[in-house]
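Just so you know, the sequences run in chain order A and B. Here my numbering is used: the first residue of the first sequence is 1, the next is one more, and so on. Here my numbering is used: the first residue of the second sequence is 1, the next is one more, and so on.
Source of the hints: derived by calculation from the structure; they are not laboratory data. Note that this is a predicted model, so its numbers are computed, not measured. Warning: the hint list may mix true and false statements.
Claimed, not checked - Examples of chain B residues toward chain A, derived with CB under 10 Å:
1) Ala57
2) Thr66
3) Arg73
4) Glu105
5) Gln107
6) Phe108
7) Ser112
8) Asp114
9) Gly124
10) Asp127
11) His135
12) Ile138
13) Arg166
14) Phe168
Note that the Cβ used here is the ideal one computed from N, Cα and C, for glycine as well.
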Amino acid sequence: MRRLVWAAALAWGCGGGGAVECEAQAPGLERDRCFAARLQSLPVTDLPRCVQTAEQIADPLVRGEAVITWANAHNRELQPPAGQELCALLGQLDQATCQRRLMTPHLQR
Amino acid sequence: MPTASHPTRRPLPTAAVALGLLGVGALGAAAVLFPPSFGELLSAAHAAAPEPTPGPAACAAYAGSTTWGLCVRKEALEAPSLEAMVALCAGAGPWEGACRDSWVEAQFHVPSMDRGMLLRACGGEPDCAFKVLDHRPIPELDIALSECAQWARPYANDCAGHVLRRAFPLSPEEVTVLRRSGADWTQPHLAAWVGATSACVADAQTSCAEVPSAEKARCEAFAAHLRRHPEACPVRGGPDGAAMGLHGQK
Chain A
1 MRRLVWAAAL AWGCGGGGAV ECEAQAPGLE RDRCFAARLQ SLPVTDLPRC VQTAEQIADP
61 LVRGEAVITW ANAHNRELQP PAGQELCALL GQLDQATCQR RLMTPHLQR
Chain B
1 MPTASHPTRR PLPTAAVALG LLGVGALGAA AVLFPPSFGE LLSAAHAAAP EPTPGPAACA
61 AYAGSTTWGL CVRKEALEAP SLEAMVALCA GAGPWEGACR DSWVEAQFHV PSMDRGMLLR
121 ACGGEPDCAF KVLDHRPIPE LDIALSECAQ WARPYANDCA GHVLRRAFPL SPEEVTVLRR
181 SGADWTQPHL AAWVGATSAC VADAQTSCAE VPSAEKARCE AFAAHLRRHP EACPVRGGPD
241 GAAMGLHGQK
């Protein structure tokens, strides 16, 4: 039993902790901000996880901010139409901003 | 050693400490003996509370966070005038540019909003201005190109590409106007679109001979390339030169 507790603690301390932290929070803006912060730490090479993380942000504005900020940071690394599935998670206004960031050549230079 | 940021702390005089403690004690006793009414507490709380963040009430939940600006942007879409939008967007923090941009975009199809007003409404955001120049084009090529340089920097070249694509094929009269107006022929799109006109349009009256000598070679190189690859020729209203390999040119 003691070994199990230690193994769990080790796994948490070695990077699993961040993953548990957001899910463990009560629904609300703080939880959404936790997922938003997690999204910023994800690389373009892990788009499925980016989409999964963005989907967990319930508040539409927090989600919009998180996805647009991520798109701004990575638009030079993505080749269109990559990232479209992320933009598709947003409302009309934020989706247009997200798509322009990802798809417009002059903003990708 | 004392420094400006860490001055030496001097000990408080004993009498001052004693007086302070007495004062606190007296206030505490008064509070117990004469408790304030709920109304007094409420007015005290109002007096002590910081100024509420100015802005849309709908955004109150996001006050103090960067999401506030995105919420303001959404609310500003309904702003009834340029002045109201500017006042609202000024409170959007890092999202002010996006706030102005969204409002401007929502006005594209409002005839009473002239393009000059829309360009000013962009507040110096070059991508916003680029969108205005694209959605409200003017027929005067020389003015359109100088507007690209003035408003859409650092996207002036891309903007010029859009202007020339809309004008394609260029007539000899248009090329003459561009020459006389002092247009910047080092702008790579200009010589390229003249070359495209001469190579891709049957019976074209426009040729690279009309291009200033310094840029003639560029024009002829494009024309030669397109004669070898006619499938890359632009079509009116088509892509803005991507097929011709013009994207990303500085």
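Structure-based check of each hint:
{"no.": "1", "hint": "Ala57", "result": "violated (15 Å)"}
{"no.": "2", "hint": "Thr66", "result": "holds (6 Å)"}
{"no.": "3", "hint": "Arg73", "result": "holds (8 Å)"}
{"no.": "4", "hint": "Glu105", "result": "holds (8 Å)"}
{"no.": "5", "hint": "Gln107", "result": "violated (14 Å)"}
{"no.": "6", "hint": "Phe108", "result": "violated (12 Å)"}
{"no.": "7", "hint": "Ser112", "result": "violated (22 Å)"}
{"no.": "8", "hint": "Asp114", "result": "violated (23 Å)"}
{"no.": "9", "hint": "Gly124", "result": "violated (16 Å)"}
{"no.": "10", "hint": "Asp127", "result": "holds (7 Å)"}
{"no.": "11", "hint": "His135", "result": "violated (13 Å)"}
{"no.": "12", "hint": "Ile138", "result": "violated (20 Å)"}
{"no.": "13", "hint": "Arg166", "result": "violated (16 Å)"}
{"no.": "14", "hint": "Phe168", "result": "violated (19 Å)"}
Hints 1, 5, 6, 7, 8, 9, 11, 12, 13, 14 from the earlier list are contradicted by this structure; the remaining hints agree with it.
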